[in-house]
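Number of protein chains: 2
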Amino acid sequence: MEKKKETSSWQVLESQYVHRAPWLTARRETIRLANGHVIPEYYVLEYPDWVNTLAITPDGKFVFVRQYRHGLGVTSYELCAGVRDPEDPDPLAAAQRELMEETGYGGGQWECYMTISANPGTQTNLTYCFLAIGVEKISEAHLEASEELSVHLLTVDEVKSLLLNDEIKQALHAAPLWKYMALHHLL
Amino acid sequence: MEKKKETSSWQVLESQYVHRAPWLTARRETIRLANGHVIPEYYVLEYPDWVNTLAITPDGKFVFVRQYRHGLGVTSYELCAGVRDPEDPDPLAAAQRELMEETGYGGGQWECYMTISANPGTQTNLTYCFLAIGVEKISEAHLEASEELSVHLLTVDEVKSLLLNDEIKQALHAAPLWKYMALHHLL
Numbered sequence: 001m002e003k004k005k006e007t008s009s010w011q012v013l014e015s016q017y018v019h020r021a022p023w024l025t026a027r028r029e030t031i032r033l034a035n036g037h038v039i040p041e042y043y044v045l046e047y048p049d050w051v052n053t054l055a056i057t058p059d060g061k062f063v064f065v066r067q068y069r070h071g072l073g074v075t076s077y078e079l080c081a082g083v084r085d086p087e088d089p090d091p092l093a094a095a096q097r098e099l100m101e102e103t104g105y106g107g108g109q110w111e112c113y114m115t116i117s118a119n120p121g122t123q124t125n126l127t128y129c130f131l132a133i134g135v136e137k138i139s140e141a142h143l144e145a146s147e148e149l150s151v152h153l154l155t156v157d158e159v160k161s162l163l164l165n166d167e168i169k170q171a172l173h174a175a176p177l178w179k180y181m182a183l184h185h186l187l
Numbered sequence: 188m189e190k191k192k193e194t195s196s197w198q199v200l201e202s203q204y205v206h207r208a209p210w211l212t213a214r215r216e217t218i219r220l221a222n223g224h225v226i227p228e229y230y231v232l233e234y235p236d237w238v239n240t241l242a243i244t245p246d247g248k249f250v251f252v253r254q255y256r257h258g259l260g261v262t263s264y265e266l267c268a269g270v271r272d273p274e275d276p277d278p279l280a281a282a283q284r285e286l287m288e289e290t291g292y293g294g295g296q297w298e299c300y301m302t303i304s305a306n307p308g309t310q311t312n313l314t315y316c317f318l319a320i321g322v323e324k325i326s327e328a329h330l331e332a333s334e335e336l337s338v339h340l341l342t343v344d345e346v347k348s349l350l351l352n353d354e355i356k357q358a359l360h361a362a363p364l365w366k367y368m369a370l371h372h373l374l
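Here the protein sequences line up with chains L and U, keeping their order. The letter at position 26 of the first sequence is residue 26 when you use this note's numbering, and the numbering goes up by one with no holes. The letter at position 142 of the second sequence is residue 329 when you use this note's numbering, and the numbering goes up by one with no holes.
Chain L with its partners taken away, still in its complex shape (with noise of 0.2 Å):
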């Protein structure tokens, strides 16, 4: 396995916003690489970074959402996640604060448990996701006027069923819990 440093060798020839607005900003690049050859069009979309927490409460129980996702047109159950705020300090605050907003709980043990991509190819952002180990109730949700979900508390046994059933349709969701799964021999 390789493990020394490596450079790009795409060269951007040429760079221009397609689109730029709060939910979509799109640009679009020529890209020559070291083969010589040129892409034409090459599409990058620039987001904020991202946050979501897999949050077990004292019990053992699993805090999810449930709502109705419109791109691809399913309601299920996810993490708790949403977009770092220009005000949140850092993206611990901003998973605590989403965690909050969408469900009442915080408090507890909080550790950063993975970073990853919804897809690195297109997109600028990272998805920080958090663990949260003894999360308790301690105010209502304050959900946004355009959030509408529901908050869930789901065994592990639950959990490990949405998972062999192939119901939890966000990567960005099931890959942390796919490793809570393999860390904790749960399967």
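No lab work stands behind these hints: they were computed from the structure. Because the structure is a prediction, the values reported are computed rather than measured. By construction, the Cβ of each residue, glycine as well, lies at the ideal position given by its N, Cα and C atoms. Wrong hints could be hidden among the right ones.
[Stated by the list, open to error] Estimated spans, in silico, between C-beta atoms of each pair:
{"hint": "1", "chain 1": "L", "residue 1": "H152", "chain 2": "U", "residue 2": "E228", "range": "28 to 34 Å"}
{"hint": "2", "chain 1": "U", "residue 1": "K347", "chain 2": "L", "residue 2": "C112", "range": "28 to 34 Å"}
{"hint": "3", "chain 1": "U", "residue 1": "K324", "chain 2": "L", "residue 2": "P40", "range": "30 to 36 Å"}
{"hint": "4", "chain 1": "L", "residue 1": "N35", "chain 2": "U", "residue 2": "D272", "range": "31 to 37 Å"}
{"hint": "5", "chain 1": "L", "residue 1": "I138", "chain 2": "U", "residue 2": "A332", "range": "52 to 58 Å"}
{"hint": "6", "chain 1": "U", "residue 1": "E228", "chain 2": "L", "residue 2": "H185", "range": "32 to 38 Å"}
{"hint": "7", "chain 1": "L", "residue 1": "G107", "chain 2": "U", "residue 2": "K324", "range": "50 to 56 Å"}
{"hint": "8", "chain 1": "U", "residue 1": "K347", "chain 2": "L", "residue 2": "I138", "range": "34 to 40 Å"}
{"hint": "9", "chain 1": "U", "residue 1": "Q198", "chain 2": "L", "residue 2": "G107", "range": "34 to 40 Å"}
{"hint": "10", "chain 1": "U", "residue 1": "K324", "chain 2": "L", "residue 2": "L13", "range": "23 to 29 Å"}
[To be verified] Some chain U residues near chain L, calculated using beta-carbon distances under 8 Å:
{"hint": "11", "residue": "S196"}
{"hint": "12", "residue": "L200"}
{"hint": "13", "residue": "H206"}
{"hint": "14", "residue": "A213"}
{"hint": "15", "residue": "T217"}
{"hint": "16", "residue": "H224"}
{"hint": "17", "residue": "Y230"}
{"hint": "18", "residue": "V231"}
{"hint": "19", "residue": "Y255"}
{"hint": "20", "residue": "L259"}
{"hint": "21", "residue": "V261"}
{"hint": "22", "residue": "S263"}
{"hint": "23", "residue": "M368"}
Since the structure of chain L is already known, use the hints to place chain U on it.
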């Protein structure tokens, strides 16, 4: 855990394409939620389905590719992956074609291992992840001019190291790899 059939509560008031190109098709929609709140600009990204393959040789080596990923600006190990072309009769055929083109490996026993989404909120497509056991080198790779990658056969310990060191950034690949580790009790 609720199992009742749910339907979308989202009403699409307006929908129009803001960009249509082979690698970026985006539409902007105006949505009314069940609570009456209107989201004036919701972006949906249309993509064809994607595929990837966790391919393992008869002597237990994992077939990885290593390539530069421009969105994140990193060079990393990944599973062999690609897009389902209109000519591919099904996702399996697309995954087998991609593995042969990118690595020259084929044959073996294939199963659909999981179906996930890079982002069900905004993307219309699914990614079909396959597990292929017993693949062998059948031909040379046949890369397109736009593809610059190298093929690597990794041991299970090397794959575990990549996962534990957070070096598998692509969530669509991290999820099936962690699933494999969980189901085979390798960690």
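Subject >> Restraint satisfaction for T217 of chain U [CB to CB of chain L, less than 8 Å] >> reply: violated (12 Å)
Original post:
Do the Cβ positions of K347 of chain U and I138 of chain L conform to the proposed distance bound of 34 to 40 Å?
Top reply: holds (37 Å)
Subject >> Outcome for the supplied range 50 to 56 Å, where the beta carbon pair is G107 of chain L and K324 of chain U >> reply: With Cβ atoms ~53 Å apart, the hint holds.
Original post:
Between K324 of chain U and P40 of chain L, is the Cβ distance one that fits in 30 to 36 Å?
Top reply: Holds, since K324 of chain U and P40 of chain L (Cβ atoms, about 33 Å apart) stay within the stated range.
**OP:** Report holds or violated for the interface hint on M368 of chain U, using the least CB-CB distance to chain L and a cut-off of 8 Å.
**Re:** holds (4 Å)
Original post:
Does the CB of Y230 of chain U sit less than 8 Å away from some CB of chain L?
Top reply: This hint holds: Y230 of chain U lies near chain L, its Cβ roughly 4 Å from the closest one there, short of 8 Å.
Original post:
Quick one, is the H224 of chain U hint okay against chain L at 8 Å, beta carbons?
Top reply: Given a least distance of 4 Å, the restraint on H224 of chain U holds.
Subject >> Interface hint status, Y255 of chain U versus chain L (Cβ within 8 Å) >> reply: holds (5 Å)
Original post:
Per the hint of 32 to 38 Å, is the separation of the Cβ atoms of E228 of chain U and H185 of chain L within bounds?
Top reply: violated (45 Å)
Original post:
Close enough to count: is the Cβ of S196 of chain U nearer than 8 Å to one in chain L?
Top reply: holds (6 Å)
Original post:
Regarding the hint that H206 of chain U lies at the interface with chain L, is the smallest CB-CB distance below 8 Å?
Top reply: holds (6 Å)
Original post:
Are I138 of chain L and A332 of chain U spaced within 52 to 58 Å by their CB atoms?
Top reply: Given about 56 Å between the Cβ atoms, the range holds.
Checked against the numbered hints given earlier, the structure breaks hints 2, 4, 6, 10, 12 and 15 and satisfies all the rest.
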